[in-house]
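If you read the protein sequences in the order shown, they are chains A and B. Start counting at 1 in the first sequence, then tack on 26, and there's your number in the numbering used here. Start counting at 1 in the second sequence, then tack on 26, and there's your number in the numbering used here.
A hint or two may mislead.
[Claimed, not checked] Label-pair distances were calculated between CB atoms; the ranges are: (1) A:G126 x B:K212: 46 to 56 Å; (2) B:L327 x A:R149: 25 to 35 Å; (3) B:R150 x A:N243: 29 to 39 Å; (4) A:L120 x B:G398: 35 to 45 Å; (5) A:H128 x B:A164: 36 to 46 Å.
[What the hints assert, rightly or not] Straight-line Cα separation of at most 30 Å, DSSO-like style, residue types lysine-lysine; simulated pairs: (6) B:K212 x A:K212; (7) A:K212 x A:K231; (8) A:K231 x B:K212; (9) B:K212 x B:K231; (10) A:K212 x B:K231.
[What the hints assert, rightly or not] Among chain B residues calculated to face chain A with C-beta under 8 Å, some are: (11) D59; (12) Q76; (13) T92; (14) Y141; (15) N237; (16) E254; (17) A321; (18) A324; (19) A343; (20) E350; (21) Y355; (22) R356.
By construction, these hints were calculated from the structure, which means they are not laboratory data. Given the structure is predicted, the values throughout are model-derived calculations rather than measurements. In this text, a Cβ means the ideal position worked out from N, Cα and C, and glycines have one as well.
Protein chains: 2
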Amino acid sequence: MNALDPSLEAAPIADWRSYPISADLAAVSATHDSLEISWSDGRVSPFHHQWLRDNCACSQCVYGVTREQLLEIVDVPEELSPQRTRIDEQGHLLVDWQDGHHSRFHPGWLRAHAYDEASRAERRAQRPQSRLWGAELAEQLPQFDYQAVLEDDGALLHWLLAVRDVGLTQLLGVPASAGALQQLGKRISFIRESNFGVLFDVQSKADADSNAYTSFNLPMHTDLPTRELQPGLQFLHCLVNDARGGESIFVDGFAIAEALHQEAPELFHILCTTPVEFRNKSRTSDYRCLAPIIALDAHGLVSEVRMANFLRGPFDAPAERMPELYRAYRRFIAMTREPRFRVQRRLQAGQLWCFDNRRTLHARSEFDPASGARHFQGCYVDRDELLSRIHVLQR
Amino acid sequence: MNALDPSLEAAPIADWRSYPISADLAAVSATHDSLEISWSDGRVSPFHHQWLRDNCACSQCVYGVTREQLLEIVDVPEELSPQRTRIDEQGHLLVDWQDGHHSRFHPGWLRAHAYDEASRAERRAQRPQSRLWGAELAEQLPQFDYQAVLEDDGALLHWLLAVRDVGLTQLLGVPASAGALQQLGKRISFIRESNFGVLFDVQSKADADSNAYTSFNLPMHTDLPTRELQPGLQFLHCLVNDARGGESIFVDGFAIAEALHQEAPELFHILCTTPVEFRNKSRTSDYRCLAPIIALDAHGLVSEVRMANFLRGPFDAPAERMPELYRAYRRFIAMTREPRFRVQRRLQAGQLWCFDNRRTLHARSEFDPASGARHFQGCYVDRDELLSRIHVLQR
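Given these sequences and hints, build the entire structure.
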């Protein structure tokens, strides 16, 4: 394979992803329903005929402008087989199908999408991993400069990766003026609206429609657990903070879930499997959502914590599970109060928090509205938008 | 219990829900960790001490303005027991706790939240049920008048219930002017923005960033399966439809999932449990979402279909599952093409579709852009907003 055109190495396949060639195609053999590729590094990958035909990238099968598939696999026979297969001089896999169609597969692309066990394990290992934290994060808070983030794509990416992997960040040097979040939100994508508005003002209000809009101690929670999809990122921008009290406190919900998993797997399990109702009502809205407190993703990893005691409905579970459900719920809340997990900071005017609202629980200590003004503005941006922006910046 | 004050019957408990008294409290007995309530109709409901204390509705435990809980259950001992319990002259359950706290429970509220098996089954049976449909819906399309929906809350509710339960509706008498969807969206709540905008224009475009923006046949799909939360409702508003072709076609994804479940449970199962990647890319965005094609809710019922062949990535599953995954995927697509499931209609200017984008798959037949103009405007509203609006209208 040394004759391979070096310009092909890492050639982008018109979808802004590139597929470096880490191993060459060494041999192809056939079974009744698949091809077996042997790679130059010894790995063997099966590719079913259906899968190969489905992923043909020719201009009949994929529309070049959108890079979206035109073929639907149901339009070729289920038993379609190759008539002939070979590796061409550029190291690509060529398949001539029984029905006269031809497909050509780039070796880097094939390797990146192989589904033998080793290849799948390799991809799993490459997924971004959350960096869990406890109280020690207070001494090494990921802090970023607002102006740099606005002006420089490198600084933006650096910040967004910390948001994704750590889940708690601070921006400094933010104008202490209402609306500054709009511009920042646009650096990622768009702001997710809610019934509380595009931007929401966190102030003590007489006619509060949430305990967030009082001066009370607000226990550890995620925002809008009452929605099927909790907002991904939460921004809290401090315009003025002259009142006594009102400190911001954070815990890493993933770290607590992990600690609970270690300490009492049966309590962790019941929080993963018991749907709990969260609700919020006002004169014009009535939201209800039924979902477990800890959600696992398709790979069984913790992907979300959903928690706000003040928005929770009565537990509705089989009677025999109720004692254990309370043990689990009590233990989870008790952990959010343990100093080893808590980061406490007082936000100053011109600073803002940006954190993963589906991971990092936040609390506010009680404040005295008579002692001075306290005004934060907040907004939400969804996780999809964060990840899309990171992908684009990493192209 | 005949002495019960009739004014208490169905008294709203300050949260806009009312709890009619269908049975009276007849007796209370105690076990080591719970009270057992016997009702006048013979039902017996256990209520654990922790559950009762957690749900105390007194003004120390719940803030009256927001109706949100102040107590966190972890603040009372795990072994807290009642010192004394009784049924008062108004039929309420009174509990005097060992620590001096007092709780009072309305019998209608208690019955509505009881978690004995019979009470839970009763609540399950009362949940709104999807009305599945096939080709016959074309003759009985749920149609509503745009002006009536804008002006009359009764007409609005009638329409929204059809959207919730049938998942495909048509509004007639809509102004054929761009932007009319804005006003309609506000009747429910707010419009969900996406990278395609608040309103999006469905027209054939030279630099299409989705096959939706071509004149091609567009196979059965849900919109934005590339997002963790697919948009709940989709609106398609016809401004002009003078081109040849371009018919709208719909199938009930829940009906197809159910038919597949009946016909081949193992194929249904593999579509419920295999995460599939959907993706959409442009110069400024790069969305990827990994989720199964059929999602089940906490009760094991089909809650969502996620499908757009043109946005799907290569299947990534263990090799031994691949043949069955293709069988399932082929069968699902083949079913979306069966006439028994399909509703086909040509939308006229001044009409719009509103459908459940997570249930009702839609397709567009190829059109000839040279034969006349075709311009639809679309937008999304989330399921949370639909259900919240229905709850408020039903108060």
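Using the C-beta atoms of R150 of chain B and N243 of chain A, is the stated range 29 to 39 Å upheld? At roughly 37 Å between Cβ atoms, N243 of chain A and R150 of chain B fall inside 29 to 39 Å, so the hint holds.
Under the criterion of a CB-CB separation shorter than 8 Å, is Q76 of chain B in contact with chain A as hinted? holds (4 Å)
Going by Cβ atoms only, is N237 of chain B closer than 8 Å to chain A? This interface hint holds because 5 Å falls under the 8 Å limit.
With 46 to 56 Å as the target window, see if G126 of chain A and K212 of chain B comply at their CB atoms. Given range 46 to 56 Å: holds, Cβ gap about 55 Å.
The hint names D59 of chain B as touching chain A; please verify it with the least Cβ-Cβ distance against 8 Å. holds (6 Å)
Straight-line alpha-carbon gap K212 of chain A to K231 of chain A, limit 30 Å: holds (29 Å)
Hint validity - A324 of chain B Cβ closer than 8 Å to any chain A Cβ: holds (4 Å)
Taking 35 to 45 Å as the hint, is the beta-carbon distance of L120 of chain A and G398 of chain B inside that range? Since L120 of chain A and G398 of chain B have Cβ atoms about 43 Å apart, the given range 35 to 45 Å holds.
Need the status of pair K231 of chain A, K212 of chain B: alpha-carbon distance at most 30 Å? holds (25 Å)
If you take the shortest Cβ to Cβ gap from E254 of chain B to chain A, is it below 8 Å? Where the cut-off is 8 Å and the nearest Cβ of chain A is about 6 Å from E254 of chain B, the hint holds.
Taking 8 Å as the limit, does the beta-carbon of Y355 of chain B come near enough to a beta-carbon in chain A? Holds, because the Cβ-Cβ distance from Y355 of chain B to chain A comes to roughly 7 Å (cut-off 8 Å).
Is K212 of chain A within 30 Å of K231 of chain B, Cα to Cα? holds (25 Å)
When the structure is compared with the earlier hints, violations turn up for hints 17 and 20 and for no others.
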